[in-house]
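Student: Next come the chains, spelled out residue by residue.
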Amino acid sequence: MFERILIDSLIRSMQVGSLYALMALGITLTMSVLKLPNFAHAEFVTVGAYTALIVSRNVSTNPIIILGLSAIVASVVALVSHITVFRPFEKQKSSIYIMLLASFAVGLIIRYVLFLTADTFDLFDQRIQVPLEIWYRTDNFILSNVFFWVVPTSIVLVIALSLLLNATPLGREMRALADNFDLARVIGIPVERVKWLTWLLVGALAGISGALWGIQTSVSPLMGWVVILSVFAAAILGGLSSFPGTILGAYVVAFSENTIMQVLNFQFGLSFSFKPAIPFIIIVIVLLIRPEGFTQFFKSNRSLKR
Amino acid sequence: MLELSKVSKDFDGLRAVSNVSLSVKQGEIVGLIGPNGSGKSTLLNVISGRFPVTAGRITFQEHDITPLSPDRIFHLGLGRGFQDPSLFYQMTVLDNTILPAKAQKGENPLFAPFKRFWRQEEHQLAERAYEILTQIDMGRLFGQLASELSGGQMKLLDIARSQMGNPQMLLLDEPTAGVAPPLAQSIFEHIANLRQNENMTFLIIEHRLDMLFNFVDRVYVMHMGELLAHDTPDEILENAEVREVYFGD
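Residue numbers (our numbering), protein chains in the order written: chain A, 62 to 367; chain B, 2 to 250.
Hints are computed from structural coordinates only; laboratory data are not their basis. Check before you lean on any hint, since a few could be wrong.
Stated by the list, open to error - Below are the DMTMM-like pairs computed for lysine to aspartate or glutamate, each with C-alpha atoms no more than 25 Å apart in a straight line:
{"id": "1", "chain 1": "A", "residue 1": "152", "chain 2": "B", "residue 2": "123"}
{"id": "2", "chain 1": "B", "residue 1": "7", "chain 2": "B", "residue 2": "65"}
{"id": "3", "chain 1": "A", "residue 1": "256", "chain 2": "B", "residue 2": "123"}
{"id": "4", "chain 1": "A", "residue 1": "256", "chain 2": "B", "residue 2": "199"}
{"id": "5", "chain 1": "A", "residue 1": "96", "chain 2": "B", "residue 2": "85"}
Can you make the complete structure from the sequences, with help from the hints?
Tutor: Structure follows, in structure tokens:
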């Protein structure tokens, strides 16, 4: 019995951790290249999930099409919020606190637009219409097709993103913006164009992770907001600058929310309502011991920032 | 080549640069000197587009660059170096050198994922960067992080990077500040070589007058945001007004 719960929760940790990694990388990217702690990222995720839901009902149940359209819609939403909200604030040289509040405002606006839409078309807590198949079954656990979409897709996207950043001229420009924004401007890097591309990329990442999250659970206007704190926790564990650190952070948070929670529940009868608290306890402990997060584990010339 | 007419710059009502007119001709090395706080660096920042002008007009090769953003000015062929070597410290020497190169295919999001579109261009750029780095004896350091270099090497890298954009003119802010004398000499020799071999033009802020005066054609002197004098190095040394504000005698 215990073994079964353990394996089941480990699979869930893998699945959730991969998605956290995908979302947290978006946050790390906005934080380092665009210098913005973007809480509206939660709503980009929700937008992706709703796009996936609507596409799966009206257009196609092909996961590639669903993910592609979610990526496009969410990246457009991200770019529009940059042009209409964040860029005007940047032009006024607003402080990071104002930018943070602005990101909350953008998130709220999108969230309640989604609430209104969901209310009009009755789209609360709906499942994305993707056929569920059992691909692998033993006495102890079941692997469905969802697992095989979520985990490999996330891993492939994470690798593709790292390659884009570290092995292409475009990525070099993005790293330059992360390293020294003013200098990047002066030496002739088209910073505004690179920012637009970063926003599109971040939006696409959020959209895809939202669609995958929706396939895994169900879609509601609050889904992004519910996970964003865990995702920020993962990004903070990664030091808000290092990619490998962020990925490790995502799996640590997911593992503690699922496997450690399960074990505590099974052994000590701890109520599942403590689940959201566990990652934060771990963060507090990690940051007390290592204030720089996991960045030091991956000290190489590939991190985005000092 | 570079023409400033009656350029002024205010910061919150404080006049940092006042009514400055100067001109630099193709192939010249011109010095810009003055006591600390006389507005030299501000003037350089105004020319390179980092600070918008309050009044006046700047033209570079017949283009009015007064309203342009720094990257546009850079792409017109007017590069600049910095007083505190300003580098991408978490990137390699090679990355630092390549970054200012003019727009490449691999920076276009449609082409970036496909290496065959930009491999050749990237190779050429890397070779050119390596060549420039070799000129300043830093060829073998190409894979090192910029933050691991010595102060003098950082200065050299700063100049190497400005070269990479193939500028026709460079604005340099104290290229030898904090550098040991022999290296300072070689930095100025490098500048003189660039003028001779690539017909580059320079406007240089420098406090090491003994060094500077061996290499410049003309000198502008700034004091309290205004242009105080303008002459050849020998005449400047004789100028009583300049001696008073600069050397205190």
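Student: What hint numbers does the structure not satisfy?
Tutor: 1, 4
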